[in-house]
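Position 243, counted from 1, in the sequence shown is what the numbering used here calls 354; the numbers after and before it change by one each time, with no gaps.
Treat the hints as calculated values from the structure; they're not laboratory data. We put the CB at the ideal spot given by N, CA and C, even for glycine. Please note: incorrect hints may appear among the correct ones.
Pairwise CB distance ranges, derived in the manner of DEER restraints [what the hints assert, rightly or not]: (1) Leu434 x Asp364: 19 to 27 Å; (2) Glu366 x Asp130: 22 to 30 Å; (3) Glu423 x Val221: 16 to 24 Å.
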Amino acid sequence: DVIIKSDAPDTLLLEKHADYIASYGSKKDDYEYCMSEYLRMSGIYWGLTVMDLMGQLHRMNREEILAFIKSCQHECGGISASIGHDPHLLYTLSAVQILTLYDSINVIDVNKVVEYVKGLQKEDGSFAGDIWGEIDTRFSFCAVATLALLGKLDAINVEKAIKFVLSCMNFDGGFGCRPGSESHAGQIYCCTGFLAITSQLHQVNSDLLGWWLCERQLPSGGLNGRPEKLPDVCYSWWVLASLKIIGRLHWIDREKLRNFILACQDEETGGFADRPGDMVDPFHTLFGIAGLSLLGEEQIKPVNPVFCMPEEVLQRVNVQPELVS
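Hey, can you work out the whole structure from these sequences and the hints?
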């Protein structure tokens, strides 16, 4: 676990975070920016979503971002992280989430995206992330989330997809990346999110899974992803969103978690780190802010626990996954 220092930040530094994200990537030759090219599309999604949650989306360069996404769609329909990279389901979802935020889905060829996602489903209902074939429940989530946002969920064999995800459920109520794999909070988020989108949450043992998720809270208040690991701000999202989806958010100590998240802010630069005192980045900044939104932070817009997007955006496109009340 970690020790939170007495002088750690305990209030939300919203303006600093907005400034941090707005200026991120302005120096295109910056080492960190260059080294993160392989996940650029997701990076843009993290930045835009957190800016929208803070009511600051207008500060981002909409036209440049839309042109970038258009140039990342491949002939096969899939979308890549950056120009010249290979398409992948992870970046296809990020792109569709960005275009949904901007209400500009027609920037890409939607039918081709649908065909791409459909083509990645395997005989057993699982999904590969790309043509190279890695199977993971993360990709089952990416597939149904992408298609749900496009209003095309019926393009795949949903029944088989559900069967595969349920086959990854473990004795502890959690889920792994494949059948027989260890339960992990990231995978649990993907599987509960998948089951919310496909209206199958009644198949989850919410008390058993809720108990496992609550055991992720450490004395510092932070959450880890599986037993014996350090707390990390991103699990404020994966664990908390899963608890929200299965209706067990009230089972953890919310005040202690809030204090842990706030302690991970950088008071000078803005942004959130994985743990107090570490380097900040856009990934942990989004999941810190989104976690605080789930905890009811009034300065942040309500976030949808399944899609990690502002609730108002999903209402606009009429996508409302079912949650356990």
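Original post:
For which of the previously enumerated hints does the structure constitute a violation, in increasing order of number?
Top reply: none
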